[in-house]
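Let the hints inform the model, and build the full structure from the sequences given.
Under this note's numbering, the first residue of the sequence shown carries the number 110, and numbering increases by one thereafter.
Watch out, some of these pointers could steer you wrong.
[Said to hold, decoys possible] Derived lysine-lysine pairs resembling DSBU-like cross-links, with alpha carbons at most 35 Å apart:
no., residue 1, residue 2
1, Lys-299, Lys-275
2, Lys-253, Lys-230
3, Lys-336, Lys-230
4, Lys-230, Lys-339
5, Lys-336, Lys-225
6, Lys-299, Lys-225
7, Lys-299, Lys-230
8, Lys-339, Lys-225
9, Lys-178, Lys-339
10, Lys-339, Lys-275
11, Lys-299, Lys-178
12, Lys-225, Lys-253
13, Lys-299, Lys-226
14, Lys-275, Lys-253
15, Lys-336, Lys-299
[What the hints assert, rightly or not] Between beta-carbon pairs, the in silico distance windows are:
no., residue 1, residue 2, range
16, Glu-177, Thr-246, 44 to 52 Å
17, Gly-179, Lys-226, 43 to 51 Å
18, Thr-246, Pro-183, 36 to 44 Å
19, Trp-305, Phe-244, 15 to 23 Å
20, Asp-302, Trp-200, 32 to 40 Å
21, Phe-244, Pro-272, 20 to 28 Å
Calculated from the structure, these hints are not laboratory results.
We treat Cβ as the ideally placed atom computed from N, Cα and C, and that holds for glycine.
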Amino acid sequence: MGEFFFFRHGQGSFGTDNYDRLSERGALQARILGQHLATCHIHFDAVYTGSLERQRDTARRVREGYLEKGIFFPELLVDESWNEIDSNHVWESQIRMMMRNEPRLLDEIKMNPSDKKAFQKVFSRVMDRWVSGDFDTPGDLTWKGFQQQVLQGLNYLCGTAGPSGKIAVFSSGGPISVAVQAALELSGLKTLDLLWQLMNASVTRLRWDGQRISLSGFNDITHLELKGDKTLITYR
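Okay, here's the thing in structure tokens:
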């Protein structure tokens, strides 16, 4: 039975000009993940990553953890199917419509742009609207379109996985949630609930028996918890 290991990237640089860059904590999370996987002697037949900087950098740091121990780690293969939702695009397309009815909606965020809770409150509403599909506009990225992007990548993995092979995918919360959705046949809103729960540098595992995909592990951060440092547990 083939197995897919999905790794969410380490913490990004929220509140800076470039969220796509790993923070110092995010880089540390990735190193810890790599050291843990190497210690467990988990060998991968292929390794894929999305094209985003935080995804590729997480993969590189995990690879370093293997090479430091003299353990083989495949070269990284970039597949944009595993890129995250373009949240800026979704935000702009949805917030325009929301502001027509609620012109004061963004006041709280503008007063304190680094307030994660204030941002998350509004962003959750934006995402709920987007996933519903009721507010799609021509030319904008849709939830269905994003699902198709991820499922294309997942179908490719299923077509290339050996009967007992292990494939690693370094991605983000959105694509990983859609992959789990495919295994559990979840609704869009339930899938969105999963997205909010995924932690940085977490491990989610799916199995492929040649006919169906099943979930074998979700959002595992044992490698971080073993360090006894609560600051390593992050969602954004």
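Hint-by-hint comparison with the structure:
no. : hint                            : result
1   : Lys-299 <-> Lys-275             : holds, 27 Å
2   : Lys-253 <-> Lys-230             : holds, 23 Å
3   : Lys-336 <-> Lys-230             : holds, 31 Å
4   : Lys-230 <-> Lys-339             : holds, 23 Å
5   : Lys-336 <-> Lys-225             : holds, 25 Å
6   : Lys-299 <-> Lys-225             : holds, 22 Å
7   : Lys-299 <-> Lys-230             : holds, 17 Å
8   : Lys-339 <-> Lys-225             : holds, 18 Å
9   : Lys-178 <-> Lys-339             : holds, 27 Å
10  : Lys-339 <-> Lys-275             : holds, 30 Å
11  : Lys-299 <-> Lys-178             : violated, 40 Å
12  : Lys-225 <-> Lys-253             : holds, 27 Å
13  : Lys-299 <-> Lys-226             : holds, 21 Å
14  : Lys-275 <-> Lys-253             : holds, 28 Å
15  : Lys-336 <-> Lys-299             : holds, 31 Å
16  : Glu-177 <-> Thr-246: 44 to 52 Å : holds, 49 Å
17  : Gly-179 <-> Lys-226: 43 to 51 Å : holds, 45 Å
18  : Thr-246 <-> Pro-183: 36 to 44 Å : holds, 41 Å
19  : Trp-305 <-> Phe-244: 15 to 23 Å : holds, 20 Å
20  : Asp-302 <-> Trp-200: 32 to 40 Å : violated, 19 Å
21  : Phe-244 <-> Pro-272: 20 to 28 Å : violated, 44 Å
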